[in-house]
Amino acid sequence: MKSAASNCFSTHVVDATPLEAAGTFTETALGLYTAARHRIRRKQGARLVEGWSDPGTVNLSPTNFYARWEADGPSHSIVVFVQDALLSRVILENWGADPRRVEIVPQFLVRDPVIEAVVTQLAIEAGNDSPSGLLYADSACEFLAHHLIQRYSTLSKTPARPLGGLPAHRLKVVKNYIEENLGNPIALHELAGLACVSVRHLERAFRQSLGVPPHRYVLERRVSAARDLLLSHPKLNIEEIARQLGFSSSSHLSSAFVRRMGCSPATFRRMHV
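Numbering (our numbering), first residue to last: 41 to 313.
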């Protein structure tokens, strides 16, 4: 089983789900079946439901949800646990509601293309040591939390969406912070705090201001800084440049550099130094 975690969620790739299980979830859990098809039975209290674990089907189990599960055979799945603190903050920031009065409604073997796409991408990130970085994972999980609340909670109204980009002075503060911290993990909530807006507002307004989401902008700035170091410090090896600029490895830097510049860092250096 492969796993990865951040401050707001954890992702687990399960090669073979158990044939029987029972218990209470301590965090909101999303289970996506990705391979094999078996009959699944879930019992909650006196209620029994059944269905097939077709690839792409999703189970949603909120915090404190108790159930017993039985399956005719093991399946391959991805499980994402979302922390209550993230869901509570998203509810408060976007709906202005008391999180204690909002309930996530359990789902059993439903189809949801949004959940399938985001959970699958988080699993890819987990299996490859998060090549897109903390900011990407935070952004994906933030979006996933918003979707769960909007689609599967007792809240029924869509929150009003702020219009327009970030004010110039706040955008400057955010951009300066990014430039000063290219070598460090950069989290969405930190950028939102600097801009004095919610995380969801930051994502929308940032894209409207600069044409790209925050994680893409940070990646582009890191590639640009790597290009400058390749030229100005010819004796600095690529592994050290990657480490200084917040890339998880030299291969992570190389793949991002090729997408942005059309050649590898080593080739770029040979061509220009």
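Misleading hints may appear alongside valid ones.
Pairs of lysine to aspartate or glutamate residues, derived as EDC-like cross-links and limited to a Cα-Cα distance of at most 16 Å, are as follows [claimed, not checked]:
hint, residue 1, residue 2
1, Lys215, Glu230
2, Lys83, Asp112
3, Lys215, Glu260
4, Lys83, Glu60
5, Lys83, Asp55
6, Lys83, Glu110
Derived by calculation from the structure, the hints in this document are not laboratory data. What you are looking at is a predicted structure, and each value in this text was computed from that prediction instead of being measured.
Verification of the hints:
1. For the suggested pair Lys215 and Glu230, the alpha carbons sit about 12 Å apart, so the restraint of at most 16 Å is met.
2. Distance check on the hinted pair: Lys83 and Asp112 sit about 15 Å apart at the alpha-carbon level, within 16 Å; holds.
3. The suggested pairing of Lys215 with Glu260 holds, with an alpha-carbon distance near 12 Å, which does not exceed 16 Å.
4. As the CA atoms of Lys83 and Glu60 are separated by approximately 11 Å, the hinted pair is consistent with the 16 Å bound.
5. Restraint check for Lys83 and Asp55: not satisfied, since their Cα atoms lie roughly 23 Å apart, outside the 16 Å limit.
6. Of the pairs offered as hints, the one joining Lys83 and Glu110 holds, with about 9 Å between alpha carbons and a cut-off of 16 Å not exceeded.
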